[in-house]
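Protein chains in written order, with the numbering used here: chain W, 9 to 127; chain X, 77 to 371.
Just so you know, the hints here were simulated from the structure itself, not pulled from any lab data. Keep in mind it's a predicted model, so treat the numbers as computed, not measured. Errors might be hidden in some of the hints.
Said to hold, decoys possible - The list that follows gives simulated cross-link-like pairs (lysine-lysine, DSS-like), each with its CA atoms no further than 30 Å apart:
(1) X:K110 to X:K94
(2) W:K10 to X:K267
(3) X:K367 to X:K347
(4) X:K79 to X:K159
(5) X:K258 to W:K25
(6) X:K267 to W:K25
(7) X:K253 to W:K21
(8) X:K314 to X:K342
(9) X:K228 to X:K347
(10) X:K159 to X:K101
(11) W:K109 to W:K10
(12) W:K25 to W:K116
(13) X:K253 to W:K25
(14) W:K10 to X:K253
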Amino acid sequence: MKLTEVVEYLGCKVLNKTPDYNNIIIESVGTADLMSDVLVFGKPGMLLITGLNSPQCVRTASVVGASAVLIVRKLSVQDATIQLAAALEVPLLHLTSSTYKTCGLLYKLGLQDSRGESL
Amino acid sequence: MKKDVVFLNRGHTLWQAKELMRIKKISGVPIIDKKRCLIGIVSIEDIIVALEKNYISDLLENHMTKSVITVAPEDNMEKIIQKFNRFDFGRFPVVDKNNVLKGLITKNDILETILGQFTIIYDHDVRREEILNKEMEWFNKSLITGNTLDKKEADFEFHIQYTDVNLAGMGAARLKKFLNSKMNNPELVRKASIATYEAEVNVVIHSGSNGYLYCWFNDKEINVRIEDHGKGIENVDKAMQEGFSTASDHVRELGFGAGIGLVNMKRYSDKMVVVSEVGKGVVVEMSFYNKTGGV
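Could you put the whole structure together from the sequences, leaning on the hints where they help?
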């Protein structure tokens, strides 16, 4: 599924757009607040959903090769996080909804689980 | 134990025992038969009673303690100390399986042994300190190959700053970019970057010091070395256990410190060596092998 479709469906605020933003495909979705966990199951092409709003979430996403980061739950995102997303060319999205609701909505779309578990 | 034990026979008198104790300045004497087998013991308390009751000239065999608590030559310290605690005696004769007297052990012997051990431990600590201060060998040699490292020749170098937690992982991100520009093996580079990221975060959140990240690569492998001169790891084995962490709440809020960093590094690397000494720092070296053939 295209990233732009996900953004539209969830009504995300886009904090950082990369040059290829319109063509990015989301292959799977995973969620964790613990970045070490992301390092364990993170897959290239995934959408990372996290409640962590510090720059570390973007850096972790970049290292595992995630296609985009969606920060949920938090009312705001640190400027440093947005700046790093721009520097590392990681699309950055924001929603104030809960992790549960966000994941539930994406589950309905049939997006794959990044840990490889069947839905 | 003391092997040159003074002893008496059943035919000696209590008075002779008293004189022997006075001259030798001892508080108990084992009594043996002709075959050197232990048959009893007489202590200074027995002598006092004999003086009071006026039978000091009697033979030992009439007044000695016959059911003697003994220890065996092969008994360890723990067992002997237990016996001292259980029976309130100042000494135990040491006898073999055939009840032949081999020596005598006193509370003083135990104390001397313990003090001796203290000296050994102290010496060991002092020597270790000397070695560590003399040459920090592990800071200059590869932990995996044992070769002396020329860090100036590293293909990639990054100075890890610990003062800003938000910068943790910058080295790994740069390393990823660098390696991807030099080789076409995204999966291998990804593995190296993830493990490096964890190692770099460890330096920032745990070491309390700046660190260095070095990388060497060729078409067969990527080697990464992360070192710091900070606090060090108290117990590497424990640190390697999943879930073990000494991280602060602040670190946990940043999405790390759950005690899986070292486990992750091991998971992604093909070889990993961690060397650390408390107060001296940590060196982590990891190798990632190209298993696909060409780079």
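Hints, one by one, checked against the model:
1. X:K110 to X:K94: holds (21 Å)
2. W:K10 to X:K267: holds (26 Å)
3. X:K367 to X:K347: Between K367 (chain X) and K347 (chain X) the Cα gap is close to 13 Å, so the pair holds against 30 Å.
4. X:K79 to X:K159: It holds: about 20 Å lies between the C-alpha atoms, which stays within 30 Å.
5. X:K258 to W:K25: Roughly 27 Å between the alpha carbons, so the hint for K258 (chain X) and K25 (chain W) holds.
6. X:K267 to W:K25: holds (26 Å)
7. X:K253 to W:K21: Judged against 30 Å, a Cα distance of about 28 Å means the pair holds.
8. X:K314 to X:K342: Roughly 14 Å separates the two Cα atoms, so the pair holds.
9. X:K228 to X:K347: holds (23 Å)
10. X:K159 to X:K101: holds (24 Å)
11. W:K109 to W:K10: holds (20 Å)
12. W:K25 to W:K116: Cα-Cα ~25 Å, so holds.
13. X:K253 to W:K25: holds (19 Å)
14. W:K10 to X:K253: holds (25 Å)
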